[in-house]
Amino acid sequence: MHDLATFRAQFDAISTRLSLRANPPNLEGFRELDARRRAAIQEAEELKARRNAATGEIAQLRKAGEDTAARQVEVRAIGERIAELDKQAGTLEDEFRQFLAGVPNVPHESVPAGRGPEDNVEVRRVGEPPAFSFEPKAHWDLGPELGILDLERAAKVTGARFAVYWGLGARLERALINFMLDVHTREHGYTEVLPPFLVNSASLYGTGQLPKFAEDLFKCEGTDFWLAPTAEVPVTNLFRSETLEGSNLPLRLCAYTPCFRSEAGSYGRDVRGIIRQHQFQKVELVKFTRPEQSYEELEKLTADAEDILRRLGLPFRTVVLCTGDMGFSSAKTYDIEVWLPGQNGFKEISSCSNFESFQARRASIRYREPGKGGKPKSDFAHTLNGSGLAVGRTWVAIVENYQAADGTVVVPEALRPYLNAERITPQGVLG
RNA sequence: GGAGAGGUGGCUGAGUGGUCGAAAGCAGCGGUUUGCUAAACCGUCGUAGGCCUUUAAAGUCUACCGAGGGUUCGAAUCCCUCCCUCUCCGCCA
0 MHDLATFRAQ FDAISTRLSL RANPPNLEGF RELDARRRAA IQEAEELKAR
50 RNAATGEIAQ LRKAGEDTAA RQVEVRAIGE RIAELDKQAG TLEDEFRQFL
100 AGVPNVPHES VPAGRGPEDN VEVRRVGEPP AFSFEPKAHW DLGPELGILD
150 LERAAKVTGA RFAVYWGLGA RLERALINFM LDVHTREHGY TEVLPPFLVN
200 SASLYGTGQL PKFAEDLFKC EGTDFWLAPT AEVPVTNLFR SETLEGSNLP
250 LRLCAYTPCF RSEAGSYGRD VRGIIRQHQF QKVELVKFTR PEQSYEELEK
300 LTADAEDILR RLGLPFRTVV LCTGDMGFSS AKTYDIEVWL PGQNGFKEIS
350 SCSNFESFQA RRASIRYREP GKGGKPKSDF AHTLNGSGLA VGRTWVAIVE
400 NYQAADGTVV VPEALRPYLN AERITPQGVL G
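Per numbering that gives the first Met the number 0, the very first residue in the first sequence carries number 0; after that it's consecutive.
Don't take every hint at face value.
For each label pair, taking beta carbons as the anchor points, the in silico distance ranges come out as [claimed, not checked]:
#, residue 1, residue 2, range
1, T90, A52, 55 to 61 Å
2, G188, V409, 26 to 32 Å
3, A302, E117, 36 to 42 Å
4, E121, G312, 17 to 23 Å
5, T184, G406, 52 to 58 Å
6, L26, G406, 40 to 46 Å
7, E347, N419, 43 to 49 Å
8, L26, G64, 36 to 42 Å
9, E94, V409, 56 to 62 Å
10, E214, E94, 34 to 40 Å
11, P23, A263, 18 to 24 Å
Simulated crosslink set (SDA-like; lysine to any residue; CA at most 20 Å straight-line) [claimed, not checked]:
#, residue 1, residue 2
12, K299, H277
13, K299, N247
14, K47, G89
15, K376, Y401
16, K155, W165
17, K211, N22
18, K86, R96
19, K346, E117
20, K218, F196
21, K86, D33
22, K376, E291
23, K211, A263
24, K346, P129
25, K346, R260
26, K86, R70
27, K211, P129
28, K346, E262
No lab work stands behind these hints, which were simulated from the structure alone. Even glycine gets a Cβ: it sits at the ideal position worked out from N, Cα and C.
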């Protein structure tokens, strides 16, 4: 959600910048809609002022013991007219709100212009893809061979794009979650939270998934509960309609949650293996900051996510998304892409974004601190988040990058205390 | 699931149809006083939107007392629906 005054004042500059997005909003008609809305408000409010005055007079006259029947009839007529005008103004207001809610965030000035993924700019590359003396396998072959990944039974139990993990495969997933949470809480200064996995529509509106992207979500029939597509939703909305103490900022939170996505429209993409699932696990990093510190915090957040990959010894690169590849609510996004031998390429494993005040405005998240002359001032906070990391894809990256010629998987040093194993060997649980 | 109580400004808490945007207290902010601290006293102190204005401030108007409807000339106050919180009972991991 944009600030209306700014949006009006800088309409031309903002629309130019927005036109660089992949699905540029149609801003034509904004000025007219805004003018009509304001005219309607004016007309209705003028009448309301008259009614309030008349009502006061009636009260006075009554006190004086005079007859007010004639005045009442008069005011009643005004009331009816107000009801009509309010209805009109309400319709325009809804239309206007809907219009504004559909306008994506403005890309930060440091974001490169571009049409799509091909125009993203690489900012870092760390580690070397492993050189294998044999033909490396993809996880969808290696996993079932080791008896740690079972897609067929998952399809039976639930359906396509679900997975069952067995033995050390299940434990690897759990180890990764604990490892990531420990690093972020002990080394990077985040506070762990465990939020609800179901969220209501107001929360989804707050972070920008609704109203535009309902088809990407799972909804519980007959309720206002939706399966959270990312911990960003419950965690960012923790402070919806609240004012944070400035002295508590920046507030750094991390949360483990499962994530659920309908993946409507992605048929045929990443159909093999567990790269794209309806249910996956993620450790998410979320920050609330003052406006002037949010870009510095975005760099730190991205580095915190990268640190997990460094510690696991996984090769990756970081790209800054161009204007044509950014998400709806984001002002700037870094994608971290891990090397996957099975794909012979890099695959997104984290997406770190600064939303500036876009989400905070929708969700009404403010902060307060002493301003000039000691007077407390409050303003919208900036919100940021990033995966730290997507656990399922990290699982894939470890299995594929650390595979040995004999079909086993070497466990990265940092993970051994968590997994209590140095090597993933065939599990044989299925006989 | 059953029975009951309740949702008012940052907090506590008055207010049951007519200057109530809302008493009072606390916290906050400005000031006065006092060696410092503390205390006392005075003042100030919600949010959003419209108009005015070069912007802002000031001013002015409108709306907001969980949400949405309704009754009325007039609703925090009466009626209806919904949501949430608390207590007790039942059930349950």
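Now the hints, each set against the structure:
1. Evaluation of the 55 to 61 Å hint for T90 and A52 yields a failure: the beta carbon distance comes to about 27 Å.
2. Checked against the hint of 26 to 32 Å, the C-beta distance between G188 and V409 comes to roughly 31 Å, which is consistent with it.
3. At about 26 Å, the CB distance of A302 to E117 disagrees with the hint of 36 to 42 Å.
4. Remark: the range hint 17 to 23 Å for E121 to G312 is upheld by a beta-carbon distance near 20 Å.
5. Distance hint check for T184 and G406: the Cβ-Cβ separation is about 35 Å, which falls outside the suggested range of 52 to 58 Å.
6. The given range of 40 to 46 Å is broken by L26 and G406, whose C-beta atoms sit roughly 57 Å from each other.
7. Range check, E347 to N419: about 30 Å between beta-carbon atoms, so the 43 to 49 Å window is missed.
8. The beta-carbon spacing between L26 and G64, approximately 59 Å, falls outside the hinted interval of 36 to 42 Å.
9. Separation of E94 from V409 is about 60 Å and conforms to the stated range, judged on CB atoms against 56 to 62 Å.
10. In this structure the supplied range 34 to 40 Å is violated for E214 paired with E94, their Cβ-Cβ distance being about 22 Å.
11. Distance hint for P23 and A263: a CB-CB separation of about 22 Å, consistent with the stated range 18 to 24 Å.
12. About 30 Å separates the Cα atoms of K299 and H277, which puts this hinted pair outside 20 Å; it is violated.
13. For a cut-off of 20 Å, the pair hint linking K299 to N247 stands: about 18 Å separates their Cα positions.
14. With a C-alpha separation of about 15 Å, the suggested pairing of K47 with G89 holds against the 20 Å cut-off.
15. The suggested pairing of K376 with Y401 is violated, with an alpha-carbon distance near 53 Å, which exceeds 20 Å.
16. For a cut-off of 20 Å, the pair hint linking K155 to W165 stands: about 16 Å separates their Cα positions.
17. About 12 Å separates the Cα atoms of K211 and N22, which keeps this hinted pair within 20 Å; it holds.
18. Between K86 and R96 the CA atoms are separated by roughly 15 Å; this keeps the pair inside 20 Å, and the hint holds.
19. The hinted pair formed by K346 and E117 meets the criterion: a straight-line CA distance of about 14 Å does not exceed 20 Å.
20. Only pairs whose Cα atoms come within 20 Å are accepted, and K218 paired with F196 is accepted, the gap being roughly 12 Å.
21. As the CA atoms of K86 and D33 are separated by approximately 16 Å, the hinted pair is consistent with the 20 Å bound.
22. With a C-alpha separation of about 15 Å, the suggested pair K376 and E291 falls inside the 20 Å cut-off, and the hint holds.
23. This hinted pair checks out: K211 and A263 have alpha carbons roughly 13 Å apart, not beyond 20 Å.
24. A threshold of 20 Å between alpha carbons decides the hint, and for K346 with P129 the separation of about 15 Å falls inside it, so the pair holds.
25. This hinted pair checks out: K346 and R260 have alpha carbons roughly 18 Å apart, not beyond 20 Å.
26. Of the pairs offered as hints, the one joining K86 and R70 is violated, with about 24 Å between alpha carbons and a cut-off of 20 Å exceeded.
27. With a C-alpha separation of about 41 Å, the suggested pair K211 and P129 falls outside the 20 Å cut-off, and the hint is violated.
28. A threshold of 20 Å between alpha carbons decides the hint, and for K346 with E262 the separation of about 17 Å falls inside it, so the pair holds.
Checked against the numbered hints listed earlier, the structure breaks hints 1, 3, 5, 6, 7, 8, 10, 12, 15, 26, 27; every other hint is satisfied.
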